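There are 2 protein chains.
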Amino acid sequence: MSDYQPTERTQVKRLPKRGKYDQETVFSILDTAFVCHVGFTVDGQPYVIPTNFGRSGDMLYLHGSAASRMLRQLSEGLPVCVTVTHVDGLVLARSAFHHSVNYRSVVILGRARLVEDPAEKMEALRIFTEHVMKGRWNDVRQPTEQELKATTVLALPLDEVSAKVRTGGPIDDEGDYNLPVWAGVLPLTTSVKSPEPDPQRRNDPPVPEYLRNYTR
Amino acid sequence: MSDYQPTERTQVKRLPKRGKYDQETVFSILDTAFVCHVGFTVDGQPYVIPTNFGRSGDMLYLHGSAASRMLRQLSEGLPVCVTVTHVDGLVLARSAFHHSVNYRSVVILGRARLVEDPAEKMEALRIFTEHVMKGRWNDVRQPTEQELKATTVLALPLDEVSAKVRTGGPIDDEGDYNLPVWAGVLPLTTSVKSPEPDPQRRNDPPVPEYLRNYTR
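Quick note, the sequences are listed as chains H and G, same order. If you use my numbering, the first sequence corresponds to residues 1 to 216, in order. If you use my numbering, the second sequence corresponds to residues 1 to 216, in order.
So that you can see chain H by itself, here it is in the shape it has in the complex (with noise of 0.2 Å):
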């Protein structure tokens, strides 16, 4: 796969080594994540809100009520910025200096454009539900031409792109490894539990096979 040209704005100054561009580090990072945090300016006040989102290629596709302010004001073409977040673990160092975050993220920069063709709406809204739960789509009912109009729909290039990845247990100063004190990692990870089924559920079948084996 291709790399991504970091820019002044994308390029990562502090801990350059953590820097990544190559897009298989940006796609799996984007694709295992429920949510991005979506900045951008209004009256000079920065909003940062949480929001799910898909990946269709090198487009990210965000979407919610027509009546979102944040989602009016960003199809205007407003300056963007999307970041994508994972923790990977808590690392725990013999200083308090040197504790840090096993992380991986990506921020992309950008404008998006509004989504208008009915096609390409209907697909990223596919998109959204396959991102969130591969198999889920073509199980439930899917969205009227009224829901259609109440969804807005945008779409931001994944063009300034950059990953930032720390791995790994703790680096100490030399004269601290002979301190008397636990060192090492202590790994997080999202995970699942049972299904909840729905309480006013009538004709529900059993738990679906893509739900029973879900992992992300």
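Hints listed in this document are in silico derivations from the structure and should not be mistaken for laboratory results. Keep in mind the model is a prediction, meaning the values are calculated, not measured. The beta carbon of each residue, even a glycine, is placed where N, CA and C say it ideally should be. Treat the hints with care, since some could be wrong.
Residues of chain G clear of chain H, computed beta-carbon distances all greater than 12 Å [as the list claims (entries may be wrong)]:
| id | residue |
| --- | --- |
| 1 | Q5 |
| 2 | S56 |
| 3 | S75 |
| 4 | C81 |
| 5 | Y103 |
| 6 | P157 |
| 7 | L158 |
| 8 | R202 |
| 9 | D204 |
Sample of chain H residues at the chain G side, in silico, Cβ under 10 Å [said to hold, decoys possible]:
| id | residue |
| --- | --- |
| 10 | L125 |
| 11 | P157 |
| 12 | L158 |
| 13 | L188 |
| 14 | V207 |
| 15 | R216 |
Starting from the known structure of chain H, fit chain G onto it as the hints suggest.
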């Protein structure tokens, strides 16, 4: 505990019944999170950067290297937005349209202040460490004067704050309840795996109790 007064900028307008303005909700969302997403604007471009944080009373602390561009810019009093999000479950409805996510988020708006007093700075570093792992601070080598100088700490008052919370099962259109589609919630949680000791250990004691019994 007291409540936050919603402002024009923090009042939850989309789905207002999800808006929460009480300190107890806000503190519990903040205190169980590992990272926040910090939004700030430079030359008209918003940036959203994940980072650690700590809280003491009505003050949120951010920190990082004195070489960090973000912290330098924020210390000049730029408007900032700090957002913390937990994803608690995937809400699977019978229609694609009514799929949702259970989540808890906090949005803080304001301007940060550079912490210059060495005692407040040291206390903030203690708060960061204890935020990640209660009991850790007294176990590790604490910061030297030089390390303190190499660290920038910012304080952001919890003043203009709101939380947004979705819980519960799917809400389907009345006509969809009879569809033969499994509906319900797939709960998600952050779990801790076994601690991985530093391969470079020399005098490390066994895994300490605060780490063995770690929960979030």
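Starting from the hint list further up, note which numbers the structure goes against and sort them upward.
-> 4, 5, 8, 9, 11 and 12
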